[in-house]
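Everything in the sequence shown is counted per the numbering used here, starting at 1 for the first residue and increasing by one.
These are calculated hints, taken from the structure and not from any lab test.
Be a bit skeptical, because a hint or two may be false.
Said to hold, decoys possible - Distance ranges between label pairs, derived from CB positions:
no., residue 1, residue 2, range
1, Arg-214, Gly-29, 28 to 38 Å
2, Ala-266, Asp-31, 17 to 27 Å
3, Pro-238, Tyr-25, 41 to 51 Å
4, Pro-212, Arg-163, 31 to 41 Å
5, Asp-43, Glu-80, 18 to 28 Å
6, Arg-354, Arg-85, 22 to 32 Å
7, Glu-110, Arg-354, 29 to 39 Å
8, Glu-19, Cys-240, 28 to 38 Å
9, Gly-29, Cys-368, 22 to 32 Å
10, Arg-55, Glu-19, 36 to 46 Å
11, Ser-179, Arg-84, 21 to 31 Å
12, Gly-166, Gln-44, 44 to 54 Å
13, Glu-110, Arg-85, 19 to 29 Å
14, Asp-31, Glu-110, 24 to 34 Å
All values reported here derive from a predicted model rather than from experimental measurement.
Every residue, glycine too, gets a C-beta built ideally from N, C-alpha and C.
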Amino acid sequence: MPTLNLSVTPVTTRSLHKEFRDFPYQLYGSDPYWVPPLRRLEDQRWSPEHNPSLRQRWCQRWLVRRQGQVVGRVAAVIDEEFARRWAPGAGWFGFFECTPDPEAARALLETAAETLVRQGRTWVLGPVNLTMHDEVGLLVEGHHARPMLLSPYNPPYYEQLIRGCGFTPRCDYHAYAWSTDRPQTPAVQRLRRRLSPSESLPAGMRLRPSHPRRWKEDARVLWELYNASFTDTWGFVPLCWEEFEERASQFRRFYIPELVQFAEVAGQPVGFALILPDVNAALAGLGGRFWPLGWLRLALRMPRVRTGRLILLGVLPNFRGAGLAALLAHGCAEAARRLGFCRGELSLVHGDNRPMRHVIDAFGGQQCKTYRLFEKPLASSAAGLPSGALHGSLAVPV
1 MPTLNLSVTP VTTRSLHKEF RDFPYQLYGS DPYWVPPLRR LEDQRWSPEH NPSLRQRWCQ
61 RWLVRRQGQV VGRVAAVIDE EFARRWAPGA GWFGFFECTP DPEAARALLE TAAETLVRQG
121 RTWVLGPVNL TMHDEVGLLV EGHHARPMLL SPYNPPYYEQ LIRGCGFTPR CDYHAYAWST
181 DRPQTPAVQR LRRRLSPSES LPAGMRLRPS HPRRWKEDAR VLWELYNASF TDTWGFVPLC
241 WEEFEERASQ FRRFYIPELV QFAEVAGQPV GFALILPDVN AALAGLGGRF WPLGWLRLAL
301 RMPRVRTGRL ILLGVLPNFR GAGLAALLAH GCAEAARRLG FCRGELSLVH GDNRPMRHVI
361 DAFGGQQCKT YRLFEKPLAS SAAGLPSGAL HGSLAVPV
């Protein structure tokens, strides 16, 4: 396939945005595992009015065509706060989608890289869809299962396309499956006894669920804990209240208060865990359309969803090592069990995060998916990320 038939176009108009938005629906049309996101939410994602995160980052998007037909898309992103905190000169690519066309993939990724160089970047990392709070990594293991909410999904051939453009693996993140019918490990049995009515937690410590009538207050507590718990996690950039509130509002209609657990010591919140019902189980089959009947089908399906994703688990640095993470995870798991949830997923967990993996092993979690970040030096930089820079993460906060 000659390169002369390829053309790369920046997304600068409403009609080009529509092509950018709709390309995945064409690409994945026959894929039984891909879950079409709601087009309405995809439009809002690219609207600075609706997405505060977009207002705080530089971003440019492109489409690639072969003989006039769209065959791929990509975005280049610069997060100055991320670069200031963690890696001067860093940029990333994201929203990468492409047919099995190596030349088209190269045209896209080289265009993104050249643009980042002109913006003063010296290395590129990806895929990252706008922020480290969004979809992170390329799915390289676990393609034969539907992704849970806010989880990346892509065909297996994407890894070959990205490697073929000179990118090399930087780190892996994993997802772990959990189900209620697995035998309880001795560690879980001890936790059950510790949380039973006949036992008591150490003096001054307690777990409590969120309360629907305290949505605003608990959302504030969750925001403060989120930013403070992950402050030492490589790549983490705190969310301002406006960003957090916008994200939380998307889940308010279907979150379950019992699946939001807080740990308190002497009346002060020091940790949290959050399971979200798997919205993808309800979105599957809607074709990404909210109107005319998509909203009704979604409303009818959500109460029947009994799978979930443990998406966040954080403990303030000064309170780590006291078993709070395990207690929070167990509190959420037991609440999910009582509500009739049959299975769940904990993700994303850095491959080198041994403490979190010990907690997962104690609960009988089994690795089910792997997501990989890639990097490539740009221009005069040949070093890429500092060695070990991504190590020590608790989880990717999404």
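Outcome of range test on Cβ distance (Ser-179, Arg-84; 21 to 31 Å) | Roughly 42 Å apart at Cβ, these two residues miss the hinted range, so it is violated.
At the C-beta level, are Glu-19 and Cys-240 separated by a distance inside 28 to 38 Å?
-> Holds, at about 32 Å.
Consistency of beta-carbon spacing, Arg-163 to Pro-212, with hint 31 to 41 Å | violated, 48 Å
Between Pro-238 and Tyr-25, is the Cβ distance one that fits in 41 to 51 Å?
-> Cβ of Pro-238 to Cβ of Tyr-25: about 34 Å, so the range 41 to 51 Å is violated.
Do the Cβ positions of Arg-214 and Gly-29 conform to the proposed distance bound of 28 to 38 Å?
-> violated, 43 Å
Verdict for Glu-110, Arg-354 (Cβ pair) under range 29 to 39 Å = holds, 38 Å
Cβ distance range 18 to 28 Å for Asp-43 and Glu-80, holds or violated = holds, 25 Å
Range hint 22 to 32 Å: satisfied by the CB atoms of Arg-354 and Arg-85?
-> holds, 24 Å
Using the Cβ atoms, figure out if Asp-31 sits within 24 to 34 Å of Glu-110.
-> Check passed, 27 Å falls within 24 to 34 Å.
Gly-29 paired with Cys-368, Cβ distance criterion 22 to 32 Å | holds, 25 Å
That 44 to 54 Å hint for Gly-166 and Gln-44 (C-beta), does it hold up?
-> Given about 34 Å between the Cβ atoms, the range is violated.
Outcome of range test on Cβ distance (Arg-55, Glu-19; 36 to 46 Å) | The hinted range 36 to 46 Å is violated for Arg-55 and Glu-19, with Cβ atoms some 23 Å apart.
The structure fails hints 1, 2, 3, 4, 10, 11, 12 (numbered hints given earlier, in ascending order).
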